[in-house]
Amino acid sequence: SQTIHQWPATLVQPVGSPLSLECTVEGTSNPNLYWYRQAAGRGLQLLFYSVGIGQISSEVPQNLSASRPQDRQFILSSKKLLLSDSGFYLCACFGDRGPTYNSPLHFGNGTRLTVT
Amino acid sequence: GDSVTQMEGPVTLSEEAFLTINCTYTATGYPSLFWYVQYPGEGLQLLLKATKADDKGSNKGFEATYRKETTSFHLEKGSVQVSDSAVYFCARKTGGTSYGKLTFGQGTILTVHP
Numbered sequence: 003s004q005t006i007h008q009w010p011a012t013l014v015q016p017v018g019s020p021l022s023l024e025c026t027v028e029g030t031s032n033p034n035l036y037w038y039r040q041a042a043g044r045g046l047q048l049l050f051y052s053v054g055i056g057q058i059s060s061e062v063p064q065n066l067s068a069s070r071p072q073d074r075q076f077i078l079s080s081k082k083l084l085l086s087d088s089g090f091y092l093c094a095c096f097g098d099r100g101p102t103y104n105s106p107l108h109f110g111n112g113t114r115l116t117v118t
Numbered sequence: 074g075d076s077v078t079q080m081e082g083p084v085t086l087s088e089e090a091f092l093t094i095n096c097t098y099t100a101t102g103y104p105s106l107f108w109y110v111q112y113p114g115e116g117l118q119l120l121l122k123a124t125k126a127d128d129k130g131s132n133k134g135f136e137a138t139y140r141k142e143t144t145s146f147h148l149e150k151g152s153v154q155v156s157d158s159a160v161y162f163c164a165r166k167t168g169g170t171s172y173g174k175l176t177f178g179q180g181t182i183l184t185v186h187p
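Residue numbers (the working numbering), protein chains in the order written: chain A, 3 to 118; chain B, 74 to 187.
Certain hints may be false.
Straight-line Cα separation of at most 25 Å, SDA-like style, residue types lysine to any residue; simulated pairs [stated by the list, open to error]: (1) B:LYS150 x A:ASN104; (2) B:LYS125 x A:SER105; (3) B:LYS133 x B:THR101; (4) B:LYS150 x A:SER105; (5) B:LYS125 x A:GLY97.
Worth flagging that the hints you see were computed from the coordinates, not collected in a lab.
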């Protein structure tokens with residue numbers, strides 16, 4: 003089964019600073035990868051997904067970008083953080099069978115970002 | 074577009090009480106439905122799922138039945154424990170087999186007191 007690693011676990015950054023959050027996946031190949039954000043008191047919002055190396059789809063316009071330089075690596079970035087970027091960022095992928103009809107998403111443990 | 078609506082929280086119960094968390098979804102296509110649980114400081118874990126009408130998902134004493142006629146997938150547990158305190162998310166799956174994605178409800182905070 004796959005394992006999703008995210009780091010760092012927590013991060014405090016000043017407004018205007020750059021951001022790089024990394025997600026790596028073990029135990030599967032060619033996974034679909036997803037970045038979700040959970041803002042305080044809100045549900046999960048899908049930010050980006052990727053079906054392969056170099057392929058990024060953005061769900062909402064925002065201050066963030068994503069990249070997939072390797073098959074099992076997914077990076078979330080920003081050139082200049084805003085206060086509104088604070089939140090809990092979760093990386094996810096489907097299981098070994100991929101996004102078949104009934105397969106669930108599996109999540110990493112997340113990165114809690116506080117922009118001050 | 075596709076959406077999921079959960080009952081407003083937070084929900085506070087005493088141990089051994091009965092739990093219901095309501096969830097309804099938009100009826101576009103025939104989505105698979107999921108409940109996830111998030112314990113403090115952690116990511117989301119799959120709790121249970123159902124893939125077609127009248128399916129019942131169950132796990133750890135929790136149950137939810139896929140009701141197509143009411144577009145609902147309510148989460149229930151007969152006797153909650155303090156350890157069930159967490160945030161619960163209902164989700165529906167959209168998209169084809171090529172990419173798929175989950176749309177989540179806003180989450181319901183459950184607190185169980187001894």
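- Message: Hints numbered earlier in the text: which of these fail when held up against the supplied structure?
- Response: 3
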